[in-house]
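Given chain G, work out where chains V and B with the ligands should sit, using these hints.
Protein chains in written order, with this note's numbering: chain G, 15 to 387; chain V, 307 to 609; chain B, 12 to 343.
Be careful, since some hints might not be right.
Below 30 Å or equal to it, Euclidean Cα-Cα: the simulated DSBU-like pairs (lysine-lysine) are [said to hold, decoys possible]:
| # | chain 1 | residue 1 | chain 2 | residue 2 |
| --- | --- | --- | --- | --- |
| 1 | B | Lys-325 | B | Lys-306 |
| 2 | B | Lys-220 | B | Lys-171 |
| 3 | B | Lys-171 | G | Lys-234 |
| 4 | G | Lys-106 | G | Lys-234 |
| 5 | G | Lys-224 | G | Lys-234 |
| 6 | B | Lys-171 | B | Lys-50 |
| 7 | B | Lys-171 | G | Lys-224 |
| 8 | G | Lys-114 | G | Lys-40 |
| 9 | B | Lys-288 | G | Lys-224 |
| 10 | B | Lys-289 | G | Lys-234 |
| 11 | B | Lys-289 | G | Lys-168 |
Hint data in this document are derived by calculation from the structure and do not stem from the laboratory.
One letter stands for each residue in the lines below.
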Amino acid sequence: MRITRFSAIFLDEAMTSPLLEIRALKRYFPVRSGLLHRITGLLRAVDGVSLEVNAGEVIGIVGESGCGKTTLGKTVQGIYRPTAGEIFLEGKPLSRLPAKDLRRLGLSLQYVHQDPLASFDPWWPMARSLDEPLRAHTDLPWSERMERVVRIVKAVGLDTEHLECFPHELSGGQLRRLTLARVLALNPRVLILDEPTASLDVSVQARILKLLSDLRSEFKLTYVFISHDLRIVRIMCDRVAVMYLGKVVEIGPTEAVLRDPRHPYTRALLAAIPRLSPGEPQDENLLEGEPPSPLFLPQGCRFSSRCPLFQEGLCNASEPALSPIGPGHEAACFRSAELSTSEETVARVGGFGLEKAEKREGSKMRIGESDAS
Amino acid sequence: MNGRVSALQSLPGVGLAKKLLNRRMLRLFFRDKLTGLGTVLVLVTFFLAVAAPVLSPFPEDAYENVRVAERLQSPSAKHWFGTDRMGRDIFSRVLYGGRVTLFIALAVTLLSIAIGVPLGLVAGYYSGAIHEVIMRVADVFLAIPRIILALSLAAALGPNVPNVIVALSVSFWPRFTRIVEAETQSLRHELYIEASQSLGVSPVSILFRHIFVHTLPTIIVRGTLGIGFTILLAATLGFIGVGVSPPTPEWGLMIAESREYLPGTWWYALFPGLAIFLTVMGYILMGDSLRDAMDPRLRGIEG
Amino acid sequence: MNRTAEESHLLRIKNLALEFHTERGVVQALDGVNLAVAKGEVLGLVGESGCGKTVTGRSVLGLIPCPPGRIVRGEIWLDQENLMTLSQENLRSRVRGSRITLVPQDTLGPLNPVHTVGTQMGDILKYKGRSRNGRPNRPGSDHQEILDLLRAVHLPDPDKILAKYPAELSGGQRQRILIAMAFLPRPELIIADEPTTALDVTVQAQILKIFRDLVARDGCSVLFITHDMGVVAAICDRVSVMYAGQIAETAPVRKLFESPRHPYTVKLLDSVPSPEKKEISQIPGTVPTLININKGCRFYDRCPQRLDRCRDHKPGLTQADEDHAVFCHLFG
Ligand SMILES: Nc1ncnc2c1ncn2[C@@H]1O[C@H](COP(=O)(O)OP(=O)(O)OP(=O)(O)O)[C@@H](O)[C@H]1O
Ligand SMILES: Nc1ncnc2c1ncn2[C@@H]1O[C@H](COP(=O)(O)OP(=O)(O)OP(=O)(O)O)[C@@H](O)[C@H]1O
Ligand code: SF4
Ligand SMILES: [Mg+2]
Ligand SMILES: [Mg+2]
Numbered sequence: 015m016r017i018t019r020f021s022a023i024f025l026d027e028a029m030t031s032p033l034l035e036i037r038a039l040k041r042y043f044p045v046r047s048g049l050l051h052r053i054t055g056l057l058r059a060v061d062g063v064s065l066e067v068n069a070g071e072v073i074g075i076v077g078e079s080g081c082g083k084t085t086l087g088k089t090v091q092g093i094y095r096p097t098a099g100e101i102f103l104e105g106k107p108l109s110r111l112p113a114k115d116l117r118r119l120g121l122s123l124q125y126v127h128q129d130p131l132a133s134f135d136p137w138w139p140m141a142r143s144l145d146e147p148l149r150a151h152t153d154l155p156w157s158e159r160m161e162r163v164v165r166i167v168k169a170v171g172l173d174t175e176h177l178e179c180f181p182h183e184l185s186g187g188q189l190r191r192l193t194l195a196r197v198l199a200l201n202p203r204v205l206i207l208d209e210p211t212a213s214l215d216v217s218v219q220a221r222i223l224k225l226l227s228d229l230r231s232e233f234k235l236t237y238v239f240i241s242h243d244l245r246i247v248r249i250m251c252d253r254v255a256v257m258y259l260g261k262v263v264e265i266g267p268t269e270a271v272l273r274d275p276r277h278p279y280t281r282a283l284l285a286a287i288p289r290l291s292p293g294e295p296q297d298e299n300l301l302e303g304e305p306p307s308p309l310f311l312p313q314g315c316r317f318s319s320r321c322p323l324f325q326e327g328l329c330n331a332s333e334p335a336l337s338p339i340g341p342g343h344e345a346a347c348f349r350s351a352e353l354s355t356s357e358e359t360v361a362r363v364g365g366f367g368l369e370k371a372e373k374r375e376g377s378k379m380r381i382g383e384s385d386a387s
Numbered sequence: 307m308n309g310r311v312s313a314l315q316s317l318p319g320v321g322l323a324k325k326l327l328n329r330r331m332l333r334l335f336f337r338d339k340l341t342g343l344g345t346v347l348v349l350v351t352f353f354l355a356v357a358a359p360v361l362s363p364f365p366e367d368a369y370e371n372v373r374v375a376e377r378l379q380s381p382s383a384k385h386w387f388g389t390d391r392m393g394r395d396i397f398s399r400v401l402y403g404g405r406v407t408l409f410i411a412l413a414v415t416l417l418s419i420a421i422g423v424p425l426g427l428v429a430g431y432y433s434g435a436i437h438e439v440i441m442r443v444a445d446v447f448l449a450i451p452r453i454i455l456a457l458s459l460a461a462a463l464g465p466n467v468p469n470v471i472v473a474l475s476v477s478f479w480p481r482f483t484r485i486v487e488a489e490t491q492s493l494r495h496e497l498y499i500e501a502s503q504s505l506g507v508s509p510v511s512i513l514f515r516h517i518f519v520h521t522l523p524t525i526i527v528r529g530t531l532g533i534g535f536t537i538l539l540a541a542t543l544g545f546i547g548v549g550v551s552p553p554t555p556e557w558g559l560m561i562a563e564s565r566e567y568l569p570g571t572w573w574y575a576l577f578p579g580l581a582i583f584l585t586v587m588g589y590i591l592m593g594d595s596l597r598d599a600m601d602p603r604l605r606g607i608e609g
Numbered sequence: 012m013n014r015t016a017e018e019s020h021l022l023r024i025k026n027l028a029l030e031f032h033t034e035r036g037v038v039q040a041l042d043g044v045n046l047a048v049a050k051g052e053v054l055g056l057v058g059e060s061g062c063g064k065t066v067t068g069r070s071v072l073g074l075i076p077c078p079p080g081r082i083v084r085g086e087i088w089l090d091q092e093n094l095m096t097l098s099q100e101n102l103r104s105r106v107r108g109s110r111i112t113l114v115p116q117d118t119l120g121p122l123n124p125v126h127t128v129g130t131q132m133g134d135i136l137k138y139k140g141r142s143r144n145g146r147p148n149r150p151g152s153d154h155q156e157i158l159d160l161l162r163a164v165h166l167p168d169p170d171k172i173l174a175k176y177p178a179e180l181s182g183g184q185r186q187r188i189l190i191a192m193a194f195l196p197r198p199e200l201i202i203a204d205e206p207t208t209a210l211d212v213t214v215q216a217q218i219l220k221i222f223r224d225l226v227a228r229d230g231c232s233v234l235f236i237t238h239d240m241g242v243v244a245a246i247c248d249r250v251s252v253m254y255a256g257q258i259a260e261t262a263p264v265r266k267l268f269e270s271p272r273h274p275y276t277v278k279l280l281d282s283v284p285s286p287e288k289k290e291i292s293q294i295p296g297t298v299p300t301l302i303n304i305n306k307g308c309r310f311y312d313r314c315p316q317r318l319d320r321c322r323d324h325k326p327g328l329t330q331a332d333e334d335h336a337v338f339c340h341l342f343g
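Here chain G stands alone, though its shape is the one from the complex:
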């Protein structure tokens, strides 16, 4: 059994306008301090993100902790009010829609929380939690609602007995499945999945990823897949957006971005992934330190304080904008052109030997095919 991509299925559905469009979205948090709780600063969690999500695709959002992935997801869903920017769903601007239409349309865009345990009322049995959206949006009698709950719970690979459990009685993997079941009850079109496999064992993670692929074809879903793990993004996503301190610094088709990363930060992220190949020299081109606080962004390029290619007078003079590199591939770096051409830069920033790795992979992957389940 394999996890494969299903985008081809939806090709006939392709529309002229993207299903979900985010334009220059910003979300700032006021920082208060002192006795009077006065606003003393603005934390720029999401600082101008534009994205287009086409029907049926899976777009990955990656970045280090605190770069604003969750804030982006919640703002797009409407949990947080945007500070600036606009969100279009099916071409309609969500902020300017009458309340009734917004309610209906908004439901087709759902966000799945990063922490599944905290996202269920601890005093409610699962049956009640899963019934909640149905109760709110349908006039069905309780018995019919329960039938639908049971159907969905089966669809995510669980049993009715799990419906009687309280959140703390369930494992992380089971809770993940139930968070999915709860939003699926609303027949959403777009799911924003916030780190859907965080803190799960590899074996459980593999099953959740498989489930996500299955659900996607069964319910014709579009995913915004938030993760901090490029390895999973490679498996799941058609396109990927790399975020750093509230901004997208590189975006493009997954293969293009991972094979030919044109932003030093993307390269650094790739270099930091531990390989499954012991004995090979580890990449020594690691980033130093941690991202600066989103309260005090560096001058010019926001990556400049950690960038190995930093150039005085260029990188700290102004902020680089996303500029096209290949088909659908954009990066926000003044020196991105050098990243592919100059051997010397590759040596300094760390290469990413995908070709070499794939040769090895051929022999390795065959073991997985004996899988009977």
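Leaving out everything else, chains V and B with the ligands in the frame of chain G:
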């Protein structure tokens, strides 16, 4: 269809019940002997009040009745607690007094909860004007000491049971608003509330099905303690003379009447006083233990 | 493994079995665990959540709460000393925190919130001393040593960091401090319990590099607990794969990745995502609860290559190679 699922759903309070009845909590609740004492006192006083018509030897003495021959007798086999200035049986009057007092205390507490809790929920859930208006009004009431507010109101309204209930409730509801508002404020930011919101569940449903249920333990604790303090306050009003009026058998009133005859007729003041003391202590001990059992900061210290 | 090779091992855990007596029943958390860490070696202990990695590490330190825990059988040797025969008092004064140190998983818990980092690091040197003699004990040398270590774990401005309280530091910074604290008394053995699990890949890569450098500098041994095969590949010399309280397979890290023997190891490696892979496979079934576990092989229910005898007979330890031990009937 799964039979057990339906059984669960038909009991909406099941989560709460599970929480309230979990074993560690019961163990914490019955941690010391005082808790047992409090619970016993509450149950016994409640039973005595309910069964007063059956238990009292002279039910006709509860209100107006005069037996000149038996005035101010000390406790005896016939009159266990002695008799008062009208010759009425004090034992019967103390039992009936429990009915009056508990009725007032329960009515005041329930009325205050009914007014205070919804306001607290709304004030805590919404920020902005609604929040400000509700909380500023509550603050005004909270700024005046409860006894003074109740006293002046009772004096203004005139002495009878409904008026006492109104006076005491007016001074009590803001306390529920305050604690429920504070708790709602913090619950509002829980992820599961956020999740319900993003599923398009209506605020009313979120407030009552999630938040209200989670504030119930606090409300129960405050309510239990509140019953105790309200009894004391009601007795105080009766004693001062702005509470219920004679011949209602109210404990505070009875003590007030006895003042002229002290210290000779010690039983006249002692037994109503003892009744107040034991009942108030019962509710306060029980409320304290409930708080220990439900306060998450205390939970887990043992066992 | 011959006699002399075994003697050369710093830490030897032999046939360790541990139970927890809980309300739900007896949890057989460890069952016949054998481990050996040579001097200067990094041994990885890898396995899924709940398979007993943490309790193995804590057993070595004598930190299993009893009750509910009970060590049923087994021996734990540190060099020439049987740790199981030592009293708690002796363990505390002579072993824990001086000869063996721990890098815990949780970064906030182990640090005292009311003391500065500097005070807490100073205390280690004051109370735990050093396990190796021959180092000067001049006043001021302590401070210098702490500063050197903080620089070694790549904390900029060590002086400023020392004056801070734990809550003022980020998760990555606290993890670096905890690593520095573990290396500070120059222990013979460090038990690192998932030191990088809570961190970003970028920070994880830095921390692993720091760890490698410090181990090379001090020549100490490490029992490195993790659930990430990528981390194992990056830092370990040898690795033991754990499943449901037992060691499934032990081998030098390269051998394990290139020719895994135990069916569980094979499946586990296939389910690990890596930048090289476009697909991953799943292991059917779930990890069993360790209560009333079947008496045969614990992987029986999920094993794609199971034999009849696997159900009722516990597999024995088989040497697939001189340095490659497998706990499976397929090789017995
Ligand atoms: N409600 C909030 N109020 C104030 N600041 C916030 C709030 N939510 C997030 N932040 C801040 O915004 C920044 C981005 O946080 P966010 O949770 O979006 O990051 P993330 O990329 O999801 O990280 P992680 O991988 O740790 O989940 C952080 O600095 C965080 O402290
Ligand atoms: N104090 C305890 N009481 C009862 N059971 C315990 C106790 N400590 C551990 N266990 C049980 O022992 C088993 C092993 O736990 P352990 O914490 O060692 O797992 P682990 O491999 O470290 O997992 P993780 O990756 O989640 O940290 C588990 O089944 C756990 O439930
Ligand atoms: S613009 Fe300059 S500082 Fe920014 S990423 Fe590119 S090279 Fe580095
Ligand atoms: Mg997040
Ligand atoms: Mg552990």
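Do the hints match the structure? See the list:
1. Lys-325(B) to Lys-306(B): holds, 7 Å
2. Lys-220(B) to Lys-171(B): holds, 23 Å
3. Lys-171(B) to Lys-234(G): violated, 54 Å
4. Lys-106(G) to Lys-234(G): The given pair, whose Cα atoms are some 20 Å apart, holds under the 30 Å limit.
5. Lys-224(G) to Lys-234(G): holds, 15 Å
6. Lys-171(B) to Lys-50(B): Violated, at roughly 35 Å.
7. Lys-171(B) to Lys-224(G): violated, 48 Å
8. Lys-114(G) to Lys-40(G): Holds, at roughly 25 Å.
9. Lys-288(B) to Lys-224(G): Holds - the C-alpha atoms of Lys-224(G) and Lys-288(B) are around 15 Å apart, at most 30 Å.
10. Lys-289(B) to Lys-234(G): With a Cα-Cα distance of about 22 Å, the restraint between Lys-289(B) and Lys-234(G) holds, given a limit of 30 Å.
11. Lys-289(B) to Lys-168(G): holds, 28 Å
Violation of the numbered hints given earlier is confined to hints 3, 6, 7; the remaining hints are satisfied by the structure.
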